[in-house]
Structures are given as structure tokens and as C-alpha cells.
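K.L.:
Residue numbers (the working numbering), protein chains in the order written: chain A, 3 to 478; chain B, 6 to 153.
FYI, nobody ran anything at the bench for these hints, they're computed from the structure.
It is possible that some hints are incorrect.
Sample of chain A residues lacking proximity to chain B, with all beta carbon distances greater than 10 Å (derived) [as the list claims (entries may be wrong)]: (1) 4; (2) 21; (3) 43; (4) 110; (5) 111; (6) 112; (7) 160; (8) 218; (9) 222; (10) 317; (11) 390; (12) 413; (13) 420; (14) 435; (15) 459; (16) 478.
Okay, the calculated beta carbon distance ranges per label pair [to be verified]: (17) 12(A) - 62(B): 57 to 63 Å; (18) 123(A) - 92(B): 38 to 44 Å; (19) 460(A) - 101(B): 33 to 39 Å; (20) 144(A) - 65(B): 26 to 32 Å; (21) 460(A) - 69(B): 36 to 42 Å; (22) 136(B) - 127(A): 43 to 49 Å.
Only a predicted model underlies this, so the values are computations on that prediction, with no experimental measurement involved.
Each residue gets a CB set at the ideal place from its N, CA and C atoms; glycine is no exception.
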Amino acid sequence: MDLQGLQRVSATEWQIPATGDMRVPAVLYADSDLMADMDNKVREQLVNVTRLPGIVRAAYAMPDAHWGYGFPIGGVAAFDPEAGGIVSAGGVGFDISCGVRTLLTGLKRPQFLPVQHATANELSRAIPAGMGRGGRLQLSVEELTDALTGGARWAVDQGYGEAQDLQRIEEEGQILHAKPACVSPRAFARQLNEVGTLGSGNHYLEVQVVAEIHHEKAATALELARDDIVVSIHCGSRGLGHQIGTDYLRDMVRAAPGFGIRLPDRELACAPINSDLGQNYLGAMRAAANCALANRQVLTHLVRHSFRTLLPEAVIRVLYDVSHNICKEETHDVDGVPRRLFVHRKGATRAFGPGHPAVPASLRAVGQPVLIGGSMGTASFVLVGMESGEARAFSSACHGAGRSMSRTQAAKRWQGRQVVAQLAERGILIRSPSMRGVAEEAPEAYKSVERVVDAAEAAGLARKVARLEPLVCIKG
Amino acid sequence: MPQPRARNPAEPRWEHYSHGADVGIRGIGASLAQAFEGIGLALTAAVTDLANIAPAQRVEIHCAAPGPEDLLYEWVNALVYEMATKHLLFGQFKVQLTDSELSGEAWGEPLDTARHQPAVEVKGATYTDLSIAEGPPGTWTAQCIIDV
Numbered sequence: 003m004d005l006q007g008l009q010r011v012s013a014t015e016w017q018i019p020a021t022g023d024m025r026v027p028a029v030l031y032a033d034s035d036l037m038a039d040m041d042n043k044v045r046e047q048l049v050n051v052t053r054l055p056g057i058v059r060a061a062y063a064m065p066d067a068h069w070g071y072g073f074p075i076g077g078v079a080a081f082d083p084e085a086g087g088i089v090s091a092g093g094v095g096f097d098i099s100c101g102v103r104t105l106l107t108g109l110k111r112p113q114f115l116p117v118q119h120a121t122a123n124e125l126s127r128a129i130p131a132g133m134g135r136g137g138r139l140q141l142s143v144e145e146l147t148d149a150l151t152g153g154a155r156w157a158v159d160q161g162y163g164e165a166q167d168l169q170r171i172e173e174e175g176q177i178l179h180a181k182p183a184c185v186s187p188r189a190f191a192r193q194l195n196e197v198g199t200l201g202s203g204n205h206y207l208e209v210q211v212v213a214e215i216h217h218e219k220a221a222t223a224l225e226l227a228r229d230d231i232v233v234s235i236h237c238g239s240r241g242l243g244h245q246i247g248t249d250y251l252r253d254m255v256r257a258a259p260g261f262g263i264r265l266p267d268r269e270l271a272c273a274p275i276n277s278d279l280g281q282n283y284l285g286a287m288r289a290a291a292n293c294a295l296a297n298r299q300v301l302t303h304l305v306r307h308s309f310r311t312l313l314p315e316a317v318i319r320v321l322y323d324v325s326h327n328i329c330k331e332e333t334h335d336v337d338g339v340p341r342r343l344f345v346h347r348k349g350a351t352r353a354f355g356p357g358h359p360a361v362p363a364s365l366r367a368v369g370q371p372v373l374i375g376g377s378m379g380t381a382s383f384v385l386v387g388m389e390s391g392e393a394r395a396f397s398s399a400c401h402g403a404g405r406s407m408s409r410t411q412a413a414k415r416w417q418g419r420q421v422v423a424q425l426a427e428r429g430i431l432i433r434s435p436s437m438r439g440v441a442e443e444a445p446e447a448y449k450s451v452e453r454v455v456d457a458a459e460a461a462g463l464a465r466k467v468a469r470l471e472p473l474v475c476i477k478g
Numbered sequence: 006m007p008q009p010r011a012r013n014p015a016e017p018r019w020e021h022y023s024h025g026a027d028v029g030i031r032g033i034g035a036s037l038a039q040a041f042e043g044i045g046l047a048l049t050a051a052v053t054d055l056a057n058i059a060p061a062q063r064v065e066i067h068c069a070a071p072g073p074e075d076l077l078y079e080w081v082n083a084l085v086y087e088m089a090t091k092h093l094l095f096g097q098f099k100v101q102l103t104d105s106e107l108s109g110e111a112w113g114e115p116l117d118t119a120r121h122q123p124a125v126e127v128k129g130a131t132y133t134d135l136s137i138a139e140g141p142p143g144t145w146t147a148q149c150i151i152d153v
């Protein structure tokens, strides 16, 4: 990135002061190496976000920020409905409520390794992954409507999981004020057999081992210890969320002139929060978020079922479930005044610090878990939110590594089979229906997740707790 | 088995271009309609090898939008929808265009995971880089970034 015009506030904070039609400054959190690698488009897109009506304090970029559509991926922006604030379909993205859920298993590495191959094969059979692989659930429109209202709570009521799972999910598994009536028939049609499916692209289900503990006190509270086996699921709201994104992006692009909103980029399409279109989008987006929560809950059930046959001693519990593509209504302190804001996190994770009432009571003393997905074959991290994150970026942190190479380049450079063989030599078993998909997701096509989480910690956004290394990866 | 209509003498062309985590798709043709056919090819090529798709089934697609760029958004998203809900992959396209309406046909076959090895599932077309343009006389391009 061209650093000209940026003010360096600290080793990990950079600011673009508000000039011209920018309503607020743009703030980037990253060290100088990450900044140097960041695309100039991140800067351009972040500055565009500062021009949107009702934005509060600043537009923020997380250390893993990269070029997205409209908003950068790794972008955070909060809007005040009482100040003409907007909600943006582009600011949430197509994969609404895409997120990560991590499960504790109660197993240690030596217990798992003898059945590593068998588990890889069993999970590959049990977890529907990849394009066109439908789920085991074929829902009616009425049943899907219930899922869109009830989220993970609906899934548990249907027998997919345990009531205690809900305590460790954002909003206790159910986003309120969802409006399935604002979801199009096309979005319904794309989802009827996709609840309980992983999807494709960068989505995955991994069996991981805790390789390193960075913060003992927080790790103890999270019940994480070295050599523990955990399972992480990265996926979202599947076809339903994609179609809602498509539908409302178009509607907001067409409606913007009527709202007097000048869009610096069509992809920033938005509508005032206090408008019918804004409210309808929020209702549909919340329905998609519930769909994602139900999806990860059904996948959890499938994992439990698979482990039961191979490792009956496993006790699978939810560590936490967090979404990283979503707009949430939250109260934040702005210049000493609590304000109700609509916080967009696109490729960014909510990261409430210790003591926040939204953090489950059993974790409140250490802060909200922040689950950072690596790429296939690379490490993942568990962090917790820090109190300083509230003033820095409305309690937000990074979400992953981000690509350093395009899919097209990756597919030219690597062969899927070769990637699978190389990872197997390192003790990581990959199962995927598509070898081209594996090549496009080769670990070297991603940036270093270590650098990203180190920068997030140094910037005061979230504290490193544990590093996870993959043992089995099911890719779509 | 239905057969595709006769192809235009000049075949539509397609290419991909890089965009961060996603893929840029571009169709090139002697007319805007042919560029739209080309972008259909580019869309499928993001998922699988076009040579592996038999034109065994035909799907008709109709879109309406205020202008040609909006029609491009609708066309790509209509194809994404048909792929997702019917589990089909399309290898041939025929498009007829007015300023505000599109009538199209897509020819393809059901997804066979083992044979087609689908690399990604397309979530939707974006407005990023979405454009249509007439270059040298008789050369039209249509392009956009797709989210995968």
C-alpha cells in the first residue's frame, strides 16, 4: 500500500484524516510489513466507507484486511440510525453470518492419532461438502421458515444438539427480529436441502490439536490445554444468504438515488436504517444469520455422531461460535455517551472484552473468544477480546489470514494431489471432492496468520490464547 | 435429447482475471449478446473444465432490468441460481438482448462431482468491476467479479 498521506499513530495503527467528503477518518490496524503487503484498494475502499451517511467515529481496517467489494474484507464501520445512518448489504457481504465454531472434544492427541485416518474418512462421508452436495435435511418452506426464526435453537429443538450448546453461541443461538417474510422465494429455493452442509471455497471442517498456549489464565477459562483435540467449523448461511445478498444489493443500488445517497462504488449499496428497505434487509439478514447458526448446529450434530462411533470417550461441547460477516445492533460508548449503533463487520470478528454482559458468564472474566481460521494446512488461533478494543474499533478483531495469491494463480502453480501428499507428509489429512479446489486453497496462497494475530494483539484488539494446528481437514 | 441451436460463426470468447480472494469473469464477442454468452462460459470455467460438460439439458432464462449493466448482473445471478437449485453445469449459451430484457438459453448437464471436480461454488455476481464496453469495432466485452 502507498503509505503517503497516512499518519502513523503507533507501531500498529495508521490513520487517514478526514478530508474532502470523508465524514470521519479511516483507521488501519497493522504492522508496517502487513501495511506494505496490503493492496492499495483497501485504502481506497476504506475511504469510500467513511463517506457513507451516519458513520460514527471512523471506518476501520483489521490487520488481515484485503480488497473486497465495496467494503474491504476486514472492514468495520458503525452507523447511527438517529443520524441518518445506513445499513449496507455490501457491508455485510454475500456469505451472511459466515463464521467459525470451535468444539472441545475432551480428547488428547495420543488418543486421537490412532484413529486419525478413520476419522478423516468418516467425517468425509458424514459432512456434506462441496458444490451440489445437498444435506441430509430436506426441509419444507414451513420448516425452513422456523429455522430462519429460531437459528441454532430451532436445530436443538429438532434434536440436533444439546441445550447447553446454545450458551456458547453469540445471542444464545438465535438472532431476534428476523423476518423470513423479507426473504425471497429464490433464497428459500436455494436452501431447502442445504441446511447442514459445509459449502466450498475457503470453508472447512478441521480436527485440530492445541499446539501452543499463549495465555494460561484465559486458556484455563476456555478449557484449552496443550495437546487437546478440538474441531473447528468454518461456514455460513449457504445459498440462502448468498441469494439475500444478491437480492438486496440490487434493490439498494436501485433505491439509493431516491434516498439521496450518492454511492462512491455501487457495491457500497445501502439504505437508511430507518427506512422500509433498510428494515427489510435487516430482517432478511437476521434470518440468514439464524440459518448460519442452524447450519453450524446441524454440522456439530454430525460431528458428534461421527465421533461417537470412532471415539466414544469424546465429550463434544461448544467452545464458542462467532460470525464474521454481519451487521449487529450494539450499544457502544462514543465520547462518553452510550449510543445504539449498527456495527458492520465484514471479514471481522466481534471481540468484546472482559466483563461485557454479552459474553457468557463462564467466560466473562477473560473476554469473548475470537476464533481465527487459518487456511488448509496452516495454524488457526483462539484469541479473546480486550477491553482496549472497544475504543480502538468498537470491539472488533481480525478473522483470518486472507489470500496472498488469486485462485487462478494458485490453480496454475499447484496440483491438488501434490498439495494433499505434501500435507499428508506433515501429518495433515485432507479430504475434498475437488482436487482443483484443493490447489486453489493451497496453504502458500494465503498470508501468514501468525503475523495477523500478532498485529491484532499489539494493536490492543484481541489477545492470543492458543495456537491450533490441523490434523484433518474436510474441504468443500 | 434436445440439441443446442446453431452457434454464431464467431464463437464467444472468455477469460478470467485476478481479484484478491475471488475471480473476475469476462466475456468477449462480436456483439453484446455474444459477450454475455462468453461471460456464461467464464462463469462455468471458474467451477470446472468447460470441455467436460455435455449439452444434454436446456434451461430458459428471462431477465428484465433498467439497463444493460443491470441485465448483466441479472444474467449472471440467474445462471448462479439455476446451477444452485437444479445442480446443473452449463457449457453453451445463447442470448438475445434488448436494452432492458434478456432471453437466454443455457445448455448443460447435471453436476457429477467425481467427473467435474467442481473447484468452487459461486455465491453471486457483484457490482465490483461490473461493466460492458465496446472496444475495437465489433468487439464487445462484459465483465464482473464473482464471489466464490
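K.L.:
Compare the structure with each hint and give your call.
P.N.:
Status of each hint after checking the structure:
{"no.": "1", "hint": "4", "in the structure": "17 Å, holds"}
{"no.": "2", "hint": "21", "in the structure": "25 Å, holds"}
{"no.": "3", "hint": "43", "in the structure": "8 Å, violated"}
{"no.": "4", "hint": "110", "in the structure": "35 Å, holds"}
{"no.": "5", "hint": "111", "in the structure": "32 Å, holds"}
{"no.": "6", "hint": "112", "in the structure": "35 Å, holds"}
{"no.": "7", "hint": "160", "in the structure": "23 Å, holds"}
{"no.": "8", "hint": "218", "in the structure": "35 Å, holds"}
{"no.": "9", "hint": "222", "in the structure": "36 Å, holds"}
{"no.": "10", "hint": "317", "in the structure": "33 Å, holds"}
{"no.": "11", "hint": "390", "in the structure": "29 Å, holds"}
{"no.": "12", "hint": "413", "in the structure": "7 Å, violated"}
{"no.": "13", "hint": "420", "in the structure": "15 Å, holds"}
{"no.": "14", "hint": "435", "in the structure": "5 Å, violated"}
{"no.": "15", "hint": "459", "in the structure": "24 Å, holds"}
{"no.": "16", "hint": "478", "in the structure": "7 Å, violated"}
{"no.": "17", "hint": "12(A) - 62(B): 57 to 63 Å", "in the structure": "59 Å, holds"}
{"no.": "18", "hint": "123(A) - 92(B): 38 to 44 Å", "in the structure": "25 Å, violated"}
{"no.": "19", "hint": "460(A) - 101(B): 33 to 39 Å", "in the structure": "58 Å, violated"}
{"no.": "20", "hint": "144(A) - 65(B): 26 to 32 Å", "in the structure": "30 Å, holds"}
{"no.": "21", "hint": "460(A) - 69(B): 36 to 42 Å", "in the structure": "52 Å, violated"}
{"no.": "22", "hint": "136(B) - 127(A): 43 to 49 Å", "in the structure": "44 Å, holds"}
Consistency with the previously given hints fails for numbers 3, 12, 14, 16, 18, 19 and 21, ordered from lowest to highest.
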